[in-house]
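So the sequence lines, in the order shown, correspond to chains A and B.
Going letter by letter, the first sequence gives residues 1 to 294 in my numbering.
Going letter by letter, the second sequence gives residues 1 to 355 in my numbering.
Hints were generated in silico from the structure; no laboratory data involved.
Among these hints, one or two may not hold up.
To be verified - So the derived label-pair ranges between C-beta atoms look like this:
#1 A/R146 <-> B/T57: 34 to 44 Å
#2 B/A133 <-> A/A52: 50 to 60 Å
#3 A/L136 <-> B/A72: 46 to 56 Å
#4 B/I17 <-> A/S125: 50 to 60 Å
#5 B/A133 <-> A/L131: 49 to 59 Å
As the list claims (entries may be wrong) - Which bits of chain A does chain B cover? Going by a derived footprint, with three or more residues having C-beta under 8 Å, they are:
#6 123 to 135
#7 192 to 200
Bear in mind the structure is a predicted one, so any value in this text is a computation, not a measurement.
Each residue gets a CB set at the ideal place from its N, CA and C atoms; glycine is no exception.
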Amino acid sequence: MTTAPPTPAPPQTADRGIPWMRVLLWAAIAFTVIFSLAPVLWQVLTSFKTNAAITSDAVVYFPGLDQLTFDHYLDLFRRNQFYIYMFNSALVAIVSTVLCLALGSPAAYALARLRIPGEQVILASVLIVTLFPYILLFLGLLEVVRALGLANNYLALIIPYTAINLPLTILVMRSFFQQLPRDLEDSARVDGYNTVQMLWRIVLPMTLPALVTTGILAFIFAWNEYLFALTFMTREGMKTIPVAAAQLGVTTLFEVPYGSLAAATVVGTLPLVLLVLFFQRRIVQGLTSGSVKG
Amino acid sequence: MAKLELQNLTKSYSRDIVPVKQLNLEVEDNEFLTLVGPSGCGKSTILRLIAGLDQPTEGRVMIGDRDVSRLAPGDRNIAMVFQSYALYPHMTVRDNVASGLKMHHLPAGDIQKRVQEVSEVLGLDPLLDRKPAKLSGGQRQRVALARALVRNPDVFLLDEPLSNLDALLREQVRADLKQIFADQKSPIVYVTHDQTEAMTLSTKVAVLNNGYLQQLGHPHDIYKTPANRFVASFIGSPQMNLIPLSRAGNNVALGDFNIPLPIGVQAASVVLGIRPEHLRLPRDGNAHTVSGPVFLVENLGMHDLVSLRVQGDPNLTLRALLPADAAWSKENLKLALPPEAIHWFDGETGQRLTA
Chain A
1 MTTAPPTPAP PQTADRGIPW MRVLLWAAIA FTVIFSLAPV LWQVLTSFKT
51 NAAITSDAVV YFPGLDQLTF DHYLDLFRRN QFYIYMFNSA LVAIVSTVLC
101 LALGSPAAYA LARLRIPGEQ VILASVLIVT LFPYILLFLG LLEVVRALGL
151 ANNYLALIIP YTAINLPLTI LVMRSFFQQL PRDLEDSARV DGYNTVQMLW
201 RIVLPMTLPA LVTTGILAFI FAWNEYLFAL TFMTREGMKT IPVAAAQLGV
251 TTLFEVPYGS LAAATVVGTL PLVLLVLFFQ RRIVQGLTSG SVKG
Chain B
1 MAKLELQNLT KSYSRDIVPV KQLNLEVEDN EFLTLVGPSG CGKSTILRLI
51 AGLDQPTEGR VMIGDRDVSR LAPGDRNIAM VFQSYALYPH MTVRDNVASG
101 LKMHHLPAGD IQKRVQEVSE VLGLDPLLDR KPAKLSGGQR QRVALARALV
151 RNPDVFLLDE PLSNLDALLR EQVRADLKQI FADQKSPIVY VTHDQTEAMT
201 LSTKVAVLNN GYLQQLGHPH DIYKTPANRF VASFIGSPQM NLIPLSRAGN
251 NVALGDFNIP LPIGVQAASV VLGIRPEHLR LPRDGNAHTV SGPVFLVENL
301 GMHDLVSLRV QGDPNLTLRA LLPADAAWSK ENLKLALPPE AIHWFDGETG
351 QRLTA
């Protein structure tokens with residue numbers, strides 16, 4: 001302690017002038033955030049402005065208290081019964097996501113762990129399905145829906161959404177299962193777990209992050225999908241949010257109801273934002289929790 | 001408590017890939033059997049066959065009087081420690097240790113008691129409520145051990161449990177392992193490629209190569225009388241000097257030096273084996289001597305590992321372990337080969353020639 005030479009003071013760069021690198025970094029961050037969030041912010045702002053403020057010649061960036069209103073939102077739910085569309089969207093998206101994971105994960109596990117003859121062929125065909133342009137499938141599906149009489153039935157959306165998301169789910173989950181150490185499953189079998197117990201209590205908990213990630217992707221697709229929803233659902237009570245929101249714009253001939261449109265967009269996007277924010281922490285947690293060996 | 005017996009065990013994946021061939025082994029209570037061999041010799045496959053994680057193509061696995069060959073791993077009452085430890089990452093240490101007992105439907109009180117006992121032995125008490133991710137490598141290793149010990153199984157299987165630890169910790173855990181398993185009655189099968197572990201831990205060592213059992217015996221016997229050339233080269237560090245020689249009458253020529261063959265050796269070509277630690281500086285006695293220039297000295301601390309070219313044949317090299325404080329000449333080192341320390345192997349079959 002007594003013999004330790006005095007350590008030289010670290011160079012005080014902060015006193016030498018402006019730390020340009022930091023300034024530049026934060027400027028870049030600010031620019032990126034503003035650039036990507038500005039349209040969203042504008043939409044949110046519009047949804048809260050009175051019609052007069054929206055259409056005034058001078059653009060209102062910072063509306064005063066008298067220019068703010070909840071009317072657009074109240075309208076959505078009172079006049080346009082938006083909760084029906086939200087329910088439809090949620091039902092279709094949740095059911096198709098759950099189906100997708102429930103069908104895709106076992107398939108992915110089998111592809112990852114069993115030595116299936118023709119495994120490469122199966123994988124290739126799964127991949128090829130994803131290459132089909134969406135619009136090509138659409139016309140065929142229309143015929144199928146008509147033939148089966150599925151129009152205005154939730155199944156008309158649930159089945160195609162599940163099918164379209166399945167390849168992605170299978171491929172993502174398969175590569176995740178391949179990373180899982182095999183020893184864990186062997187260890188579970190030595191401990192006396194049977195196959196179902198092992199999958200349910202050992203493999204599934206470790207798979208949660210991947211399930212959440214693919215689930216979110218599938219959910220977002222199903223929630224946002226427009227074309228199928230527009231065509232297969234013609235009855236008012238069966239429509240989903242994207243279709244309903246688009247309809248707002250064409251109901252009146254002489255003016256575009258910007259306020260209602262903006263409010264509909266916000267209402268339609270909010271669940272997704274909340275979902276991702278909520279699960280993102282889970283995903284990160286899951287990925288960093290560390291697994292087997294040191 | 002039961003005897004583990006492998007009868008005629010064979011595993012083949014295809015006609016050419018046969019990792020285990022016609023293996024017969026017995027492990028009694030209180031025995032610690034180590035399967036040792038280079039990678040790909042089939043030792044891990046044997047362990048997986050005993051555990052029931054793989055099915056044998058032929059042959060039987062017996063535990064006590066039960067034929068368990070067709071039973072699921074969970075019904076064999078075995079415990080296994082994996083190389084990667086294979087702790088369940090989403091469970092606490094306590095749940096990890098207890099999981100095997102829970103699956104066998106033990107009463108909760110018993111489970112808690114046994115977990116408590118084992119965690120005291122292994123010093124896991126302060127860690128019981130942590131998740132594996134919050135543990136160090138050595139701690140995880142102890143949890144993996146605890147998970148096996150708590151089961152009180154008929155057979156313990158350990159698959160290279162020390163290979164993920166750093167060298168210093170490995171030595172310490174090796175000593176701990178020896179003490180812990182000395183108190184266990186059940187047969188233990190331990191797989192390693194590290195011959196030091198095999199020598200220090202076991203009561204019985206099985207040396208494997210290419211799916212065949214090369215030699216089975218007490219570690220001391222395997223070191224002292226290796227059954228063939230492979231065992232001789234695999235066990236012992238630094239490696240035994242193995243020199244193929246052709247005979248001339250009743251002698252073989254080691255460079256310029258003649259060494260008599262033991263009486264009764266018929267083979268046309270032989271391999272002379274001598275461990276570096278048995279080569280010494282000449283003293284009075286009946287040892288054969290060779291000499292030659294030294295071309296490499298490796299300092300191992302207590303000893304110097306000296307490599308020399310035998311005079312008369314520049315391709316012939318010998319390695320000797322000499323005390324670090326010994327004095328010798330680098331230009332022409334004279335070494336003694338005590339006849340009782342020389343191993344003779346058949347040049348063609350590689351089998352041991354003398355008893």
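So, going through the hints one by one against the coordinates:
no.	hint	verdict
1	A/R146 <-> B/T57: 34 to 44 Å	56 Å, violated
2	B/A133 <-> A/A52: 50 to 60 Å	58 Å, holds
3	A/L136 <-> B/A72: 46 to 56 Å	48 Å, holds
4	B/I17 <-> A/S125: 50 to 60 Å	30 Å, violated
5	B/A133 <-> A/L131: 49 to 59 Å	39 Å, violated
6	123 to 135	violated (count 0)
7	192 to 200	holds (count 4)
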